[in-house]
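Residues per chain, in single letters:
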Amino acid sequence: MNNTINKIDKLLEVKGISKTFPGVNALSKVGFDLNSGEIHAIIGENGAGKSTLMKILGGVEIEDEGEIYLNGKRVILNSSYESRKYGISVVYQELSLFPNMTVAENIYPARQPVNKFNLINHRLLEEKSKELLNLLDVNISTRKLVGDLLAGEKQQIEIAKAISMDSKVLILDEPTSSLSMNEIKKLFNLLLKLKSNKVGIIYISHHLNEIFEICDRVTILRDGKKIITKDIGETNEKELATLMLGREVSEYSEGVSKSALRDKVILELKNFSKKNNFKNINFKLYKGEILGFFGLIGSGRTELARALFGIDPFDNGEIFLNDKPIKLDDPGKAIKQSIGFVTDDRKNIGLFLSMSIKDNIVAPSLYKYTNRIGLINDSKIKATAEEYIKKLKISTPSADRDVIYLSGGNQQKVLMGQWFSTNSNILIVDEPTRGIDVGTKAEIHNLLEVLANSGVSIILISSEIPEILKISDRIAVMHKGNLINIFDNDKSDPKNMEKLLIFNASGLDSKL
Amino acid sequence: MEELKNKDLMINENYAIRLLKRFVNQREFSVTILFILLFVALSLTARNFFTFETLRAFMLAFSIDALIAIGMVILLIGGGFDLSVGSILALSGAVMNLFLHFNLNPFLSVFLGFLAGVLAGLINGLLVSRIGINALIATLATMGIYRSLSLITFTSVGTKSIPEVLNKLADFRILGLEFYVWLMFLIVILFSIGLNKSRFLRQVYYMGGNIDSARLSGMNVKNLTLINFLITGSLASLAGILYVIRFRAASVSLGTNTALDVITAVIIGGASLYGGRGSIKGALTGLGLMVLIQTGLVFWGVDANWQRLIVGAILILAVSIDVLTRRKK
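Chains as they are written, first to last, in my numbering: chain A, 1 to 512; chain B, 513 to 841.
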């Protein structure tokens, strides 16, 4: 009796969902429920299964087992079309708007109101869009091009689009990752408005403070399993962080303890700022140290690295190399100053996919392979390429193979080879092991440590806590464009370090 | 130890086979085969084809456009494009003609005409690399502008035959071939070495392969683009001067079809519109094939109206084979 009443009250109920990908148990027997007019947070570390769960609800992935009930009735979500038909809308991190079309056309793509000749009724389209935006208290002209909107406004349009389809369930994946403080406030107001209209919202976020601001309940996932669902009033940040972690300490203990010399500052940044990206960044980099940079998506780490290396301009601030101020507004200048940059975007801005391994490896240091009259010495290039193929264990039949035919891990190694072979004094390494198997990962960590021991200073940007803790000497934590703190990495107490990093990266007080 | 040696040997052997395969897979190879087949067929069927005079005529038709093809293939490798080469060619001739009209020293006139074309190339390069206009659009505009300028010059002063000293130059032959054929050989050798061996030109392949990666690797892609356009403009300009000397007078209609003809030749020779691929060897084979078809039609007595149809079909064929074999991989 009690059970049936509960079911009717519940807008969405997920029971015993499991999903396996080759080699990975992405979700095992996960269940939770969502009431109408509730904002329900789902949190967990990278790889905990949040996005898989969301994709199943969005109809993009299909569960291996388990059941989904909507208003007490079982539903089968075999495609994103089905999901939308049942009133479930997902706003993904990568928005799916058309920048070249107006706001109104984006809200009703291919669903524009038409007249009897099947031609678009532009007036009605405008009216309907205006009405909807008014209802949501969104103040954007319906005739504006979406490409001209701010990040936060785009998100509002995406949400309006979902609502225009009469969504009962709205799922948001990391909605604040690219928003400013002000935009976040607007988003929260919009969500509260929807909440009062009885829409159920699933809110996925890494930012614990946001969850306490607007969510009613929170479900914690870890390693594909549901840990617990809690009322937000009955828990605190510290408890949530502890529930999210729960990893054994032994995983971290591989790192070799090394006391960085820290007697010589090689690079120093003073008041380094770029509007909407990062502000007032100050830090010193010592010779032979690995300085980890930890933070969430949108914390400004990659933007900082790109500006430092001269790829993007910055607004103000100074860079000192060996105590001398230098100007870096072009990667070529940075390379001349013996700085290297291993990008996290290897396909788009790192590698030359249609070119051979050997051409790729020597790309940033082509000047080293010429004789006096500027002619290239191909046998020298080949020798270097073969040296790094051996050193980095790149598996390939020859140095002439085009990089596009290599596996992701081997491509990543070629990218490393590009910059290792420049013999730079400073190396910025952005997410060096993303999407790379465990064995290769350990090899890359080892290579970085060997380099640091030989006197190279390394800035390691990583979103993986175990990686940061394993090889960094010091760790800088960024949050929303600010450098919050720099810690010495206490390798003997990784558990505590991890808490410290998570609290700081989430914008919480570290003294909790 | 023994095992290691065997392994090395095996790798070398594989390498040789791969090298051979690589060579056979290249577009230059199939186009060269086509060229040879056509040449043999012509020698066997057409009377008076296999003679030194035919070779000379072939080289005359081939050599000046070859200069433009070299510039164009370098641009295409770097991801660029130039529609204005034909107009630059006309412009340099027109400016030279202008100064000859005012009885300026012939060699100074040649130099000033050449300079005008170089300047035209520089403007193309600045528009693309500094302002950031798409290469196709920038050179579409300058194609019209340079053409207009040369027409204006012509209509104001009229066409004049070249002075005696340049006439003598036009007749100057070494081993039976005109001096500009030898000049072409020299420039081919220079740029072939350059593109393979000079660090500066090697960067062109990187830029065409991935312009963002090239920038991140410290290459100055803006200057590289500028210089590519400058090279192409200069070679087109030189071609314009040589045409005037060869025909012994400047002409209004010079170079009207040059840009598209040369781009066709270069693409038949394996260059890609998306950049990163192509070679001077390929560009010249592609151009050679086109000139040979032209010559062949004359020898076989076929109406010249067929020429573009045949070239178009070969272009489609060459690119289709390429696309289909790539898709298989």
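The hints are simulated quantities; they were obtained by calculation from the structure and are not laboratory data. You may find that some hints are simply not true.
Claimed, not checked - Straight-line alpha carbon distances no greater than 30 angstroms define the calculated BS3-like cross-link-like pairs of lysine-lysine that follow:
#1 A:Lys368 x B:Lys709
#2 A:Lys144 x A:Lys168
#3 A:Lys480 x A:Lys287
#4 B:Lys734 x A:Lys324
#5 A:Lys491 x A:Lys480
#6 A:Lys287 x A:Lys390
#7 B:Lys734 x A:Lys382
#8 A:Lys225 x A:Lys198
#9 B:Lys793 x A:Lys336
#10 A:Lys382 x B:Lys793
#11 A:Lys347 x A:Lys480
#12 B:Lys709 x A:Lys382
#13 A:Lys391 x B:Lys709
#14 B:Lys709 x A:Lys347
#15 A:Lys368 x B:Lys680
#16 A:Lys287 x A:Lys230
#17 B:Lys734 x A:Lys333
#18 B:Lys680 x A:Lys347
#19 A:Lys85 x A:Lys198
#20 A:Lys368 x A:Lys333
#21 A:Lys198 x A:Lys274
#22 A:Lys274 x B:Lys709
#23 B:Lys709 x A:Lys380
#24 A:Lys29 x A:Lys499
#25 A:Lys368 x B:Lys793
What the hints assert, rightly or not - Simulated restraints, written as ranges between beta carbons of each label pair:
#26 B:Leu616 x A:Leu145: 36 to 42 angstroms
#27 B:Leu616 x A:Lys144: 56 to 62 angstroms
#28 A:Ala383 x B:Ile664: 55 to 61 angstroms
Backbone N, C-alpha and C fix where the C-beta goes; we use that ideal spot for every residue, glycine too.
Where does the structure disagree with the numbered hints, that is, which hint numbers, in rising order? When the structure is compared with the hints, numbers 9, 15, 16, 18, 21, 22, 26 turn out to be violated.
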